[in-house]
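Make a model of the complete structure from these sequences and hints.
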Amino acid sequence: MSDLAPPQLVVNSRMIYFGWLPADPDAVAALVPDGLKPMSNRQVFMNQYVVDRPEQTSGFGAYSLTYIGPDLEDAYAPDGVTPGRWWTHYFNSSPVVREYAAARGVPAVEGRTVIEVEGGRLVATTEADGTAVIRTTARVGGTGAAVSRGQLRYITEAGGRRISGVYPFVAEPVDPFEVVSLEFLEPDHPVHALRPADPLQIVWGFYSPRSSFAYPGGEEAMP
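For reference, each letter of the sequence shown is one residue, going 7 to 229 in this note's numbering.
If you're looking for bench data, these hints aren't it; they were derived computationally from the structure. Cβ coordinates follow ideal geometry from the N, Cα and C atoms, glycine included. Hints may be right or wrong, so weigh each one.
Label pairs and their computed distance ranges (CB to CB) [said to hold, decoys possible]:
1) Pro196 - Gly150: 36 to 44 Å
2) Tyr82 - Asp40: 17 to 25 Å
3) Ala11 - Glu192: 35 to 43 Å
4) Gln207 - Ala227: 30 to 38 Å
5) Pro229 - Gly125: 44 to 52 Å
6) Ser154 - Val115: 23 to 31 Å
7) Ala164 - Ala33: 35 to 43 Å
8) Thr88 - Asp204: 44 to 52 Å
9) Ala36 - Gly150: 38 to 46 Å
10) Ala227 - Leu15: 21 to 29 Å
11) Gly147 - Val120: 16 to 24 Å
12) Asp58 - Glu184: 22 to 30 Å
This is the structure:
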């Protein structure tokens, strides 16, 4: 069990977060446990982000993370609009964060995420066991006066009970933003079940070089 007390704070992470329609909707639905309901279009979410310095966190230290899974109906965030989310894969570079997350039922395993931005082109690469498994390419602009803020809900299972966690966030999105390609590079890796449809159909998303959040803000047992 992690010695870190919740919640933990992360500020100014570099984050690309978006959702898409999958190539295999049935495979996505099969990853949702009984008692939870995938969205009717089986849309998938993914967050790739990097925390560059220990000073950006209250206790985690520097790390990188990619997490991914199906969006949920009937488990909405506090705004009543944003879908709740179920983690199926969680690739984290830090043993400290992996331990903290695993104690809350997150399927945390070792992995590494690199985000490179040059000349308005962003490339985010996720590695598992030293092998690149996901690559996102996007067109990105600069930040302006816009600020996104709110709360997200993630559902986990730990200690024989299902937990609803609410995660507040504040982010400064860039404009323009466009996901150009999303590649799942290893057909034999389990995360390949969540690959996107062809042609790529992005349903929402943003990139922010300054995204901050609490981890988690509040947790409660679900019925």
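Cross-check of the supplied hints:
Distance hint check: the CB atoms of Pro196 and Gly150 are about 39 Å apart, consistent with the given range 36 to 44 Å. Evaluation of the 17 to 25 Å hint for Tyr82 and Asp40 yields a pass: the beta carbon distance comes to about 19 Å. Range check, Ala11 to Glu192: Cβ separation about 37 Å, and the 35 to 43 Å hint holds. A C-beta distance of roughly 35 Å is found between Gln207 and Ala227, which places it inside the suggested range of 30 to 38 Å.
At roughly 51 Å, the beta carbons of Pro229 and Gly125 sit within the given window of 44 to 52 Å. Judged by the Cβ atoms, the range 23 to 31 Å given for Ser154 and Val115 holds: they are separated by roughly 29 Å. A hinted range of 35 to 43 Å for the beta carbons of Ala164 and Ala33 is inconsistent with their spacing of about 25 Å. The hint said 44 to 52 Å for the Cβ distance between Thr88 and Asp204, and at roughly 27 Å that hint is violated.
Taking 38 to 46 Å as the suggested C-beta distance range, the pair Ala36 and Gly150 conforms, at roughly 41 Å. A hinted range of 21 to 29 Å for the beta carbons of Ala227 and Leu15 is consistent with their spacing of about 24 Å. Hint check: Gly147 to Val120, Cβ distance near 21 Å, so the stated range 16 to 24 Å holds. Between Asp58 and Glu184 the beta carbon distance is about 24 Å. The supplied range of 22 to 30 Å therefore holds.
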